[in-house]
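**Q** Sequence:
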Amino acid sequence: MAADQSISEMKDSLLFCVSEGDMNAFPCNASPIQSVSLGIAAGGMALLFTVFLMSKLKAAPRGNDLMNKISDQIKSGARAFLITEYKYLAGYVVVVFAALLVLYTVDPPTDNRT
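Numbering (the working numbering), first residue to last: 4 to 117.
Just so you know, the hints here were simulated from the structure itself, not pulled from any lab data.
Honestly, I wouldn't trust all of these hints.
[Stated by the list, open to error] With a straight-line Cα cutoff of 27 angstroms, these simulated BS3-like cross-link-like pairs (lysine-lysine) come out:
| no. | residue 1 | residue 2 |
| --- | --- | --- |
| 1 | K72 | K61 |
| 2 | K90 | K59 |
| 3 | K61 | K78 |
| 4 | K59 | K72 |
| 5 | K78 | K90 |
[Said to hold, decoys possible] Pairwise CB distance ranges, derived in the manner of DEER restraints:
| no. | residue 1 | residue 2 | range |
| --- | --- | --- | --- |
| 6 | L51 | K78 | 25 to 33 angstroms |
| 7 | A45 | A102 | 49 to 57 angstroms |
| 8 | Y91 | T113 | 45 to 53 angstroms |
| 9 | L69 | V97 | 24 to 32 angstroms |
| 10 | L103 | M57 | 53 to 61 angstroms |
| 11 | L85 | A49 | 33 to 41 angstroms |
Each residue gets a CB set at the ideal place from its N, CA and C atoms; glycine is no exception.
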């Protein structure tokens with residue numbers, strides 16, 4: 004019974020259903036499993052479309068020698084930047100992890116959450 008109430012509250016909060024006034028339209032009468040399935044299917048279609056576009060892009064020619072040289076320089080510069088950025092990020096994560104570990108070791112959280 005509580006699940007039916009939460010579903011009806013969720014349906015009431017949908018702006019489309021309220022503005023159209025037809026609670027028997029698709030988005031309004033969909034069950035939670037249908038909504039989740041629709042999201043998963045849309046994500047799968049987006050991934051398939053991405054694979055299609057990547058294969059089409061890789062099949063295209065890279066360009067002339069000057070374009071390839073510039074592309075390779077940009078690629079090496081971007082790789083160097085990312086390596087440097089990840090080194091700093093890894094250091095930050097280690098420092099924050101150590102600080103949180105020390106804080107929770109010194110004063111562990113209790114079950115009394117008031």
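**Q** All hints are to be evaluated individually against the structure, with a verdict given for each.
**A** So, going through the hints one by one against the coordinates:
Between the alpha carbons of K72 and K61 the distance comes to roughly 17 angstroms, so the proposed pair stays at or under 27 angstroms and holds. Our distance criterion of 27 angstroms between C-alpha atoms is broken by K90 and K59, whose separation comes to about 34 angstroms. The straight-line distance between the Cα atoms of K61 and K78 is roughly 16 angstroms, inside the 27 angstroms bound, and the hint therefore holds. Restraint check for K59 and K72: satisfied, since their Cα atoms lie roughly 22 angstroms apart, inside the 27 angstroms limit.
Restraint check: the Cα-Cα separation between K78 and K90 comes to about 18 angstroms, which is no more than 27 angstroms; the hinted pair holds. Under the hint 25 to 33 angstroms, the C-beta atoms of L51 and K78, about 27 angstroms apart, fit the expected range. Our hint of 49 to 57 angstroms for A45 and A102 is violated, since their Cβ atoms are close to 40 angstroms apart. Hint check: Y91 to T113, Cβ distance near 35 angstroms, so the stated range 45 to 53 angstroms is violated.
Range check, L69 to V97: about 43 angstroms between beta-carbon atoms, so the 24 to 32 angstroms window is missed. A beta carbon spacing of about 39 angstroms between L103 and M57 contradicts the range 53 to 61 angstroms that was offered as a hint. The hint said 33 to 41 angstroms for the Cβ distance between L85 and A49, and at roughly 25 angstroms that hint is violated.
Violated hints, listed in ascending order, are 2, 7, 8, 9, 10, 11; each of the other numbered hints is respected by the structure.
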